[in-house]
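Participant: So you can see what is in the structure, the chains are spelled out below.
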Amino acid sequence: NAGVTQTPKFRVLKTGQSMTLLCAQDMNHEYMYWYRQDPGMGLRLIHYSVGEGTTAKGEVPDGYNVSRLKKQNFLLGLESAAPSQTSVYFCASSYDRGGGPAPFTDTQYFGPGTRLTVL
Amino acid sequence: GENVEQHPSTLSVQEGDSAVIKCTYSDSASNYFPWYKQELGKGPQLIIDIRSNVGEKKDQRIAVTLNKTAKHFSLHITETQPEDSAVYFCAAKPLATGRRALTFGSGTRLQVQP
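Protein chains in written order, with this note's numbering: chain E, 5 to 123; chain W, 32 to 145.
One thing to keep in mind: the hints can contain errors.
Only some residues are given here: those of chain E computed to face chain W with a beta carbon under 7 Å [stated by the list, open to error]:
| # | residue |
| --- | --- |
| 1 | L82 |
| 2 | F94 |
| 3 | D110 |
| 4 | T111 |
What the hints contain is simulated information worked out from the structure, not anything from laboratory work. From a predicted model like this one, the values you see are computed outputs, not experimental measurements. We put the beta carbon where it would ideally sit given N, CA and C, even for glycine.
Looking at chain E on its own, in the form it has when it is part of the complex (with noise of 0.2 Å):
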């Protein structure tokens, strides 16, 4: 198993540009999500999910949407990128019901992360 995967690993924007990062997880975890990491302030959520098709928001989300197309995959966009969001991306997963490679657990299994830079 792969685990959790970002794409991609360094991104430089421009103000005002758009990108979208993808997350993806062949766990068969129910729940997906978004934290930002900036010096001196550990990890805080931006978006998260609780299943396919759902959404919901985190401690941080202006700036932000995301969606849960698909149950292992959980895509963060960017609309108009600013200074400000620049910053390091991890995606993370956890809760897999029963029937996947995980047992029932509380524990969030995270991706090596995206290395954003607005100028």
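Following the hints, complete the assembly by docking chain W onto the known chain E.
Facilitator: Frame of chain E; chain W shown alone:
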């Protein structure tokens, strides 16, 4: 909502010494407290967790203690090794129905000096 505070922000120890990182949380309804280790250039990885019905949990050189009355929990690493150098995050999970998101502390950068 939940607020998690973590101390210290940086910690330097000599190889073989013990390291202790402390966290406090605000929501008395939180019932799950994991610790994550993040190595340079990688995503956080769970190293140990504890639930509110347990006061202490140990896994080899790593242990976590929980004091629900005082709303704080700690990570203890004994016999530290250079490979323990990383950023460590504590987290807490609120009991809000349908939400399984974690609230993270701000992280502790542990440096183990050989």
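Participant: Does F94(E) pass the interface check with chain W, least Cβ-Cβ distance below 7 Å?
Facilitator: Since the shortest Cβ distance to chain W is 5 Å, the answer is holds.
Participant: Under the criterion of a CB-CB separation shorter than 7 Å, is T111(E) in contact with chain W as hinted?
Facilitator: Holds. Min distance 5 Å.
Participant: Verify the interface restraint on L82(E): the C-beta must sit less than 7 Å from at least one C-beta of chain W.
Facilitator: 20 Å, violated
Participant: Against chain W, is D110(E) within 7 Å by beta-carbon distance?
Facilitator: Hint on D110(E): holds, closest Cβ of chain W at ~5 Å, below 7 Å.
The structure shown violates just one earlier hint, number 1.
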